[in-house]
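Q: Knowing the structure of chain A, use the given hints to seat chain B on it.
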Amino acid sequence: MKSRIIPIFKKEFIHISRDFRTLMIVIAMPAAMLFLYGYAINMEIQNIDLIVLDRDKSPESAALTRKFEGSKFFTVSQYNGPESQLETFFNDRRARAILIVSSDFSKNLQRQPRSDVQVLIDASDPNAAQAIRNYTNAVFQSFNADLGSRGVFEIETAIWYNPALKSAYFFVPGLAALILMMISALLTSIAIVREKETGTMEQILVSPIRPIEIIIGKVIPYILLAFIDLLIILVIAHWVFDVPFVGNIGFLLAASLVFIFTALSLGLTISTRAETQQVAMMAALLVTLLPTIMLSGFIFPLESLPKILQLLTYAVPARYYLVAIRGIMLKGNTLMQLLPQISVLAAMSIFLIIVSAKKFKTTLES
Amino acid sequence: MQQILYLIQKEFRQIFRDKPMLFITFFAPVVQMTILGFALTVDVKNIKTVIADYDRTPVSQEICRRFENNSYFAVKGYIEGQTNLREKIDDWQAQLAIIIPKGFSKDSERRMRPEIQIIVDGLDGNSAGIALGYAQGILADYAAELLTNNLSPTAYQRNAGSVEPQTRMWYNLDLESKNYMVPGLIAVLLTVVSMFLSSMGLVREKEIGTLEQLMVTPIKTWQLILGKVLPFFILGFFALALMLAVAFVVFQLTVAGNLVLLFSLSALYLLSTLGLGIFISTLAHTQQQAMFISWFFMIFMIFMSGFLFPIANMPEAWQRATYLNPLRYYVNLLREIFLKATPVEFLWIEIIPLAIFGLVILSASAMKFRKRVS
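These protein sequences, in sequence, are chains A and B.
Residues in the first sequence are numbered from 1 upward in steps of one, following the numbering used here.
Residues in the second sequence are numbered from 1001 upward in steps of one, following the numbering used here.
Don't read these hints as lab results, they were simulated from the structure.
Since the model is a prediction, treat every value here as computed from it, not as a measurement.
It is possible that part of the hints are untrue.
Okay, derived cross-link-like pairs now, SDA-like style, lysine to any residue, Cα gap no bigger than 25 Å in a straight line [said to hold, decoys possible]: (1) K1048/B with K107/A; (2) K107/A with A1144/B; (3) K196/A with K1106/B; (4) K307/A with F1248/B; (5) K1340/B with E156/A; (6) K307/A with D1174/B; (7) K72/A with A1140/B; (8) K307/A with F1067/B; (9) K1178/B with E44/A; (10) K107/A with V1163/B; (11) K1106/B with K72/A.
Listed below are several chain A residues computed to face chain B (Cβ distance under 7 Å; list not exhaustive) [to be verified]: (12) S115; (13) T157; (14) H238.
From the derived model, a few chain B residues whose C-beta atoms are all more than 12 Å from chain A [said to hold, decoys possible]: (15) Q1002; (16) K1010; (17) F1027; (18) D1091.
Just so it is clear, CB atoms sit at the ideal spot from N, CA and C, and this is done for glycine as well.
Same shape as in the complex, but just chain A:
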């Protein structure tokens, strides 16, 4: 059996290395995607344009403004015109937040235990608005502490694994899942359908090779390619984006192999059903790309999805792999901790392989 797989494997490799386009997709695309999107996907809100309308002009209000100027999140500018003009700052997008200090601010501060200032936030982007609110609250807390007024207890915070809350830590390993899924599922599905389209599949089928041998021989080169991609991604993640690597590299590679296997079997399943390359490609894009982006936790937190979409996410392989790669790279998760995820992936690939092998056999017989 072994001796018959190797020729198929060699043939597939020759196919791939002759096809310049495919090679480009496999080698250049992951790196390009990682560079392009690794930098583009950044949720850290910075340089918030804040306009201060200071009606009080007291040392206290000046101190408050200085507090905002001292924060690295805000770019502060002063405004002294009428209040009715304030909305134009949101309309022409010169400000994302406005701080209004009323004329009795310093007086109130001495007389009352709690005095108010108004903060207006352009909340059309709700995510940014939340971040802006958190940053302003932090500035006020530090201002109050300077005044000598503090609540009855201290709040101590500790951020684990990603103290600077960098987006890249989260998204770059996520991109690995997306790229591996695309390469493995898309390329295998096309590879088999191409043979069907050009009619060479018939030629292979009349040879004494068994279907399972054909499948193995065709799939192994893509496993190798996906592995090369994985290594490219890991190198860029660690040395370009400074994503730490605390876990076991051997374990990560093993877990990735399971995921690559799942993706490949998904591609195989598609290819046994599709008749033309075009259909195969559309199907592969539809069942791999979109769910991997939208329903895997790659960008959007799964807990925030509506219930029915949450159920759908259990069928998305990337959902499990994302936990694994992020967990191993950043948290140092071990096999015991990731057993549920990896077993689901393994079960999925076995199921898909059986389905596609059955289908493959019937095509052969008919």
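A: The following block gives chain B in isolation, referenced to the frame of chain A:
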């Protein structure tokens, strides 16, 4: 003029005969909008939380109660011991932990300022930051409340006053993601529909050879392009109206700004996408290639538009690249008009580049189209 009308008539007949094409135009946007409108949520809800309460007094229980009653947090249980806590966060069972030390309530009464600890899993930096903000807010409120409740009037004199920010969220009171995402989604889907349709439509004629036939008729190139583009223009308008209806019916979103302004700016934007469609059709020989090239353009346009990822957070070079992306302007325009009812005088920063882009790409691809034909 007459010739163009004939062409348009022919084009419409072709479109209505082609069921997959109609499907792409009308059905797909509705389904995609409904699903994605719900799926694309950056809301941070149900943050998995564990609490370690070593104090077990009414004060500490009040803190637990406040976290349990807050919809942002889903309290998954109470724990003891640091190792247990580490395990929970390592195992993805909790994203946030609150630790209330022993003697907490007694110490705060005695003004010893005990420390309450929040630990957050920072992996997903965005939701971690937001979760941390909520937790700090709850605790800071309670700390201030305890202070005012316990203080006698004379104590005010010794304690300095404090400042409370009164925050108002304009345009999106409840901070709902859909209010921001749905207008962006409409912009993206309109791009998909118009670019795919126009590029595939022209390439199909190439594939089946009818383009040659059209060429030998006395019709002029510009008439041909106009006759090809106008139907897609009209279809794009239909798709837009349909999506606005979905926004209203499914998401209860209405356009706060001027509807006429929205449609006329969309018309301006269609110049760009249809121009790109023609451009793609000159590059591709088969529909499959056209689809692939369109995909490539789409992914770039979506990522670099600010639709999902704020442009202001990108590196300088990336930000500059986004100025070449017509979708960037259109996403902004739709959001401004939809949510903020921004009047036209504040929108020129988007309208002018969009107009320039549309005219340049449309005339360039029309020229390329003609050259290639001759």
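Q: All hints, please: hold or fail.
A: Status of the hints after comparison with the structure:
{"no.": "1", "hint": "K1048/B with K107/A", "in the structure": "violated, 43 Å"}
{"no.": "2", "hint": "K107/A with A1144/B", "in the structure": "holds, 21 Å"}
{"no.": "3", "hint": "K196/A with K1106/B", "in the structure": "violated, 78 Å"}
{"no.": "4", "hint": "K307/A with F1248/B", "in the structure": "holds, 22 Å"}
{"no.": "5", "hint": "K1340/B with E156/A", "in the structure": "violated, 38 Å"}
{"no.": "6", "hint": "K307/A with D1174/B", "in the structure": "holds, 20 Å"}
{"no.": "7", "hint": "K72/A with A1140/B", "in the structure": "holds, 22 Å"}
{"no.": "8", "hint": "K307/A with F1067/B", "in the structure": "holds, 22 Å"}
{"no.": "9", "hint": "K1178/B with E44/A", "in the structure": "holds, 20 Å"}
{"no.": "10", "hint": "K107/A with V1163/B", "in the structure": "holds, 12 Å"}
{"no.": "11", "hint": "K1106/B with K72/A", "in the structure": "violated, 37 Å"}
{"no.": "12", "hint": "S115", "in the structure": "holds, 6 Å"}
{"no.": "13", "hint": "T157", "in the structure": "holds, 5 Å"}
{"no.": "14", "hint": "H238", "in the structure": "violated, 16 Å"}
{"no.": "15", "hint": "Q1002", "in the structure": "holds, 38 Å"}
{"no.": "16", "hint": "K1010", "in the structure": "holds, 26 Å"}
{"no.": "17", "hint": "F1027", "in the structure": "holds, 14 Å"}
{"no.": "18", "hint": "D1091", "in the structure": "violated, 6 Å"}
Violation of the numbered hints given earlier is confined to hints 1, 3, 5, 11, 14, 18; the remaining hints are satisfied by the structure.
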